[in-house]
Structure formats: C-alpha cells, structure tokens
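Q: Using the sequences plus the hints, can you model the full thing?
If you read the protein sequences in the order shown, they are chains A and B.
First residue of the first sequence? That's 1 in my numbering, and the numbers climb one at a time after it.
First residue of the second sequence? That's 1001 in my numbering, and the numbers climb one at a time after it.
One or more of the hints may lead you astray.
[To be verified] Computed footprint of chain A on chain B, listed as stretches where at least three residues anywhere in the stretch have a Cβ under 8 Å from a Cβ of chain A:
#1 1051-1064
#2 1121-1132
#3 1138-1144
Calculated from the structure, these hints are not laboratory results.
Please read all numbers here as calculations on a predicted model, not as lab measurements.
We put the beta carbon where it would ideally sit given N, CA and C, even for glycine.
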Amino acid sequence: MNADLQQRAWDAAATVVDPEIPVLTIADLGVLRAVTVSAAGVEVAITPTYSGCPAMGVIGLEIELALSRAGIAPARVVTVMAPAWTTDWLSEDGRRKLLEYGIAPPPRGGRRALFGEEHVACPRCAVTDTERLAEFGSTSCKALWRCLGCGEPFDVFKCH
Amino acid sequence: MSQPDLLNPALQALALRRADDALVLGHRLSEWTGHAPMLEEEMALANLALDLIGQSRALYALAADLEGAGRDEDALAYLRTEREYSNLLLLELPRGDFAVTIVRQFLYASFVDRWWRAGMTSTDARLAAIAAKAEKETAYHVRHAAEWLIRLGDGTAESHSRAQHALDRLWAYTGEMFEPEDAELVAAGVCVDPPSLRLAWNHDVDAVLMAATLQRPRDGWMQTGGRLGQHTEHLGHMLAEMQHLQRSHPGAVW
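A: Below you can see the structure in the form of structure tokens.
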C-alpha cells in the first residue's frame, strides 16, 4: 500500500517541469531526490542546482500542487543539500531534450571538464567551431556561446 | 550532529561570519543591476550576486539553527546592526568602477574558492554540504574575474591604469582574509585555517597578475576589524539601504 502510494507520489512529482527550461522535468534534472511515505504523510525531497536558484520556491509549490491534484495529502517538500547536485545527474533523456530545445547539454566529468579544454557543439548545426561569449547566461545554470559555423548564439548548460 | 555541542557557539559565529561575507558582497554586486558596462556583464554580475546571496541564506539558516533563539535567516540579515556584522572589510567597500569590482572579485574569489574546497571535507556535515555547492559556484567566479582582470590589465592604457589603481587601493584589505580561524574549530576539522591557504593564493594571484601585466603591490600595513564588528563608514550606509524595508515595515513578507 505504501509502496503504491510512494510510486504514485513520485510519478506526480516527476511531472513538474523546470520553470526556466520547461522541456525538462525535475526528474530529468536530478532535482527530485526522494519520496518517502510515513504516518505523517508524504515527504518529497528536492535539491537545488545552485545555492541561489530562484526556481526552487516555484518548484516546491508546483510539487505540492501536483500531489494535491493526484489526491495525495498531506504532503510536504523538503530541500536537501547533500549530496550536492551535479550536471552528471542529468538523464540521457534530459540531455536529448535539452539539445532539441536548442541548449547544448553540459560537458561531462565535473571539475575537469569545467577547466579543461572546452569543445561545445552548436545545437543547431552541430559544428564544433564555437566560442564562449559570456560565462553567465540567462540563468545561473547557463553560459552564452556562439557558433562560428552558422553564426547563431546559443545557450550552454554549464558543467557543474 | 557530528560535532559535540560544546563547539556550537564557535560554529555559529563561523557560519555568521561567512554568511555576512557572502551577503555583503552579494549586495554590492547587485548594485550593478542596471549599471553594468555591457549586457553580458549585467547578467554575469547579477548571477554572481545570486550565488552569493544563496550561499548566505544557507549559512544564515545554519547559524540561526545553532543559535536556537527563534531568529531566522531574515532576522539575521535584516535586523542586525553594523556592529553585529562580522564580514571582511574588503567586501563592504563601495563597488567603485568596473575595475574595482573585478579586482575585489578576483582577490576574494581566489581565496574563498580554496576555503570552500577545503570545507568539503569538514567534520561538520552541514557545513560540508554547503561547501560542496559553494565550491562549484566560486570556481566560476574565479575564472570570470581572472579573465576580466587579464583583459583590463593587458588592455588599453586607461583600463590598465584603472586596474592597477584598484589593485593598489584594495591590497591593504587582503590581509584580513588570512586571519586565523577559531583554533578549536580548526583542531576539530570543522574548517581550514586561512593562513594555510596563503601560499596557494599567492601563487594563483601572481600568475594572473603577470598575465595581466599588473604590478603586485607590496605587502604593507593591513586593515583589520571587520570580524570584530569594527567597520568602515561604508557598511552602515549599505545596511541602511538593504534593511530599510524590514526596518520600516517589520515582518513584511512578499
């Protein structure tokens, strides 16, 4: 019974999308960490991508809403800090969706990828002759790059 | 709880110091919103501010929890006076021109990135969790500031002279970063002792200054006092603006 409730709660929470990148669900992102069922109700644990990520509040509300729509109550959302979120948690499906949305997925491999040579392929024309325009893009998790092939600027999901 | 409660007051003070550092610098960076020299930097500085304010929230929440007096993160940020703030003096100085902002950013990020990296193995699990997030963020802060410093120093005569001037002005505030931490916390493995980071910091800073064709100022007399609540005249003005809403409308929420 509890296992069934837990699965239903997970499935409901997993439908919530990132308000900044609406093609990704919080499950794709690895932001959804755990769902536990106890006598006190359902508890959903999420982890921030960045310390100051302004989307966390909205994501928490959306989860409560999704659970209540699925008839699951009482539920509460908690934020956990450890282990720290990394872009390596992004699902394969998530990486593919990002690319289709026009955002280059993050290079793999944590810190080494961050400060080693960077080769990012343009999400539009796949040319790897690209350059970084700005370290910080439209949100904390993105940088702004430009393709020297097609000349278009594009967002890169930063390695974290 | 991985630490005996005896260390709690010291850990609370540590969390508060580091929270004050992050909030004060974050606020200074946020002042650039609408004033940055170009759109990309407008975004970058706001993003840096967001990282720092996010880190300060986690640290204030930890400090409030350890204090156990019913104060929350907002009370610590908005309802303490200048003398109760324990941030580094370097971080409260006015944002200055773009060169001052970049030089400060570089000098501080080069230090705090290493401090956080060491903090990832803190014996206090809560601090280690905050460090694991902050370290990844500050790594970007270092790279951003270093690239700009090289561009400014090795740029035009005007940008070079402004960058050198900022470096000369801010240098006397760098010594405070390396003042020893609470000895008991260091002995218990809660945090690294800042003096032990000095050599590595010197090395990092020298390498970038050389690439930037900037002259490293000589270590002379160093300003101090921020950790004891003895601040420059600038912090009070900054807090007056930052705390205005909560002071005028106590308990106001969005």
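Q: Each hint should be assessed against the structure and marked as holding or not.
A: We went through each hint and held it up to the structure:
1. 1051-1064: As far as the segment 1051-1064 of chain B goes, the hint holds, because 7 residues have Cβ atoms under 8 Å from chain A.
2. 1121-1132: It holds, with 6 qualifying residues against the three required.
3. 1138-1144: holds (count 4)
Every hint from the earlier list agrees with this structure, and none is contradicted.
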